[in-house]
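Q: Please arrange chain B on chain A, whose structure you already have, making use of the hints.
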Amino acid sequence: MGLEYWVAMNPSRKRTVRLIVALSAAVLLASALIYTSFSAASPALSPTQLVRQAQPGRSYQVTGTVVHGSVRHEGNGLDFSVADRAGGTAIPVAYTGTVPDPFREGREVIVTVQKQGARYVGERDSLITKCPSKYKTAPAGEKQNY
Amino acid sequence: MADLGRICLPLALLICVYGIGASIYGARTGRIEFSDSGRRSVYALAIVLTVAFGVLELAFLRNDFAFNTVADTSSRTTPTFYRAAAVWSSQEGSLLLWAWLLSLWSSLALFLVRRRMRDVAAYATAILLGFGAFFISLMIFYASPFSTTNPAPAEGVGLDPLLRFPTMMIHPPMLYSGYTLCTIPLAFGMGALLARRVDADWIKAIRRFAFAAWLFLGIGILLGARWSYSELGWGGYWGWDAVENASLMPWLTGTAFLHSLMIQEKRGMLKVWNVSLVLATGTLAIMGTFLVRSGILNSIHAFGGATLGVPFVVLIGILIAASIYLVVSRRDMLRSQHRLDSLLSREAIFLGNNIVLVALCFVIFWGTYFPLISEAFTGTEASVGPPWFDRYTVPLALLLVLLSGIGPVIAWRRATFANARRNFAVPLLSALVTLVVLLAAGVAHKAFAIAMFCCAAFVLGSISQEFFRGTRARRAMAGEALPVALVALVRRNRRRYGGYVVHLGIAVLFVGVAASSSFQHAVEQRLSVGGSTHVGKYTVRYVRPTATITPKNDAVHTGSTLNIGAVLDVSKGGRHVATLSPSEGFYDSGEPAQGTVGHLIGGQAVSHISMSAGVTRDVWTAIAPDISTPALQRIVSIGNRTLPADEGVVALGVLAREYLKHPPAAQFHFIVSPLVMWIWIGGLIVLGGGLIAIWPTPSAVRRRVAMRSRARAAHGLARA
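So the sequences go chain by chain: A and B. Residue 960 is where the first sequence starts when you use our numbering, and the numbers rise one by one after that. Residue 59 is where the second sequence starts when you use our numbering, and the numbers rise one by one after that.
All clues stand as given, with none of them false.
No farther apart than 35 Å at their CA atoms in a straight line, the calculated lysine-lysine pairs in the DSBU-like style are these:
| # | chain 1 | residue 1 | chain 2 | residue 2 |
| --- | --- | --- | --- | --- |
| 1 | A | 973 | B | 324 |
| 2 | B | 630 | B | 504 |
| 3 | B | 262 | A | 973 |
| 4 | B | 504 | A | 1074 |
A short, non-exhaustive set of chain B residues, derived as facing chain A with CB atoms under 7 Å:
| # | residue |
| --- | --- |
| 5 | 292 |
| 6 | 428 |
| 7 | 438 |
| 8 | 440 |
| 9 | 441 |
| 10 | 582 |
| 11 | 664 |
Honestly, the hints are just simulated from the structure, not real lab data. Every residue, glycine too, gets a C-beta built ideally from N, C-alpha and C.
Same shape as in the complex, but just chain A:
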């Protein structure tokens, strides 16, 4: 019955049905997309917030500065500590994967981590160094601003 009914339907009604089907499909797909984005996202936290809130097994994106004297190469991995920009709590991160060129002590980094015991394990290749040009100090001398 279905096919004959469809063929016999008048064209404007057909178009309406088609439009409704297409729109519902779009809405359905968009909802799936939106739902997964909220469930798959890693919250961005500072080290201090992370210590307070972290649950084991969940990913977090932590932003902070690399603590001076904390960087160590362990086998194929890299261990370092990250602290809030203003200092304060530092958390130890065990990281493997690509290390961006600008990475160094004192610089601001973003890394995705999971809590494992007292340590935080960095997700492979998730380390980003903020572009240093953003944090450049102004050159000495009197600035004559236009």
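A: Okay, now just chain B, sitting in the frame of chain A:
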């Protein structure tokens, strides 16, 4: 010199304000002399901004550190080539580049339509000058490229070593040309809506600019990917970084527009859709600039402070509100003349391609701006990673490649079974053969790659068939030789066959993406001299260390001070394949506090990767040497204590010798990626196809000449 630049900016703003007033008055009253004057003010703007840009470029080349931007992003040790490119590495310089390119492209567009569509062009002039005024105001009130320091510092900070890569010269201007060109269709689209002249004229006028925007943006994106692959030291070409995404979004909607405009030209359909795409593309281009320049999202590219956020948000808000108002209020004029006859027709496939492209754009938009969206809804900033992007973009990309093979061969209006059999036999067969070969080769576990290879084979089949049939028909009609017939075929219909070549290039590019992402072997390994490791089927051995002091000019001329690396032997099954020498360059930090030796290597360290690129695979290597061993650090600290300021380099020599004598273990990154080169080859094919399509056709040139002579004759008659 700075004074000249400083005068240029307010002058340019005045020109913009005058031009906007004159054009709008001309358009509303129909007084041609005013709209003409408005158009000429765009030319004047181009001249003034050329002078301003010239002043800044000259300041960079002359090491005029009185200019703050020069002191911040250039130095005497920065090689000349990179000093010339450093202009657009700063916030201020890139705003000037934007405004300058906008004025140049706008002048060209308005010059080409100077005798047509006067009312539409007048509104477009006002809108383009509005963008110009916006960027010039930003420079005047927020980030002046011509602000100076007195007395001038003796030396500048230097260009960020990561940016010292040859494409730095061409990647930003390409990208910015793409962005600014995107605003031209937007201006004409809005102009057509404002003037209530939504016929095919405005589409015809901006078609070539939309294509040019698409092409420049595409080249810019590809050069960026290439830079990422060969300079950033992570070995990837795409990371779903916010700034990459920002440039991809207008490119996707632009691609959609280039297809759907054909339906409007041929069948008078999709008018609302087309004008919406044009407005969205222009707005996304502005948003892209905003994203790069505001530093609102975390990105490796976060260049600027947050100062430019508010003005950009206001501009984007105005653009979106104006777009929606114009489309809604003019919707009666934008009615389609025809309806979609069948879901099996070229129109429907084009529509499908549009939906896929817009869906891709939506996915990327959502993912890119998710940190802001999440903060607005949940109060915490959160971001989605590459796996989330991949989950949606991979199936959409597959669909897109498949549609790019179906589109060229399916019939307009309604495809019949006979038509389908005639046109789809060859493409389907080539996809099937590919599938069988791949399954026989035992790669069944990589479903995405297999599907992509089959889709690409389908495209190859359908495009080759089109070329073959066209050439055969010409040979039969004109009796031409094969190459002559082929060239004649393409020349007769550049847009169509250029487009086919683009499709082919995209398929090739995606083959490279699929192969390199699915069959890649990557190894991170710490090796001492003599040590070796396996990467896929290859064996890499650390033969010997290298260390050179490169005070002025290192091997790759980027201005590093010290270069430490390794010679690696790559072999496969015992047979030598290549000798590679990756290194890391150390740069002067310019900070005396680090000591006479310490500052020489205290700046940023940058990987100089080394790879053996081939048609079938790339072997890619990078090194992160360890210079923090006690022995090496002792040399630095002794040097700091004992050497005078200008002889620090002596200690670097000692350090290099010590490193060669007792090389510590170094961290290596090895990647073997198959078919990566096809990404770049595919890109070049796309570029070639794009150029074929955009080149003026002989018939168009002839038409223009004929029109001009007719106009002259008419003029003569009128005078007689």
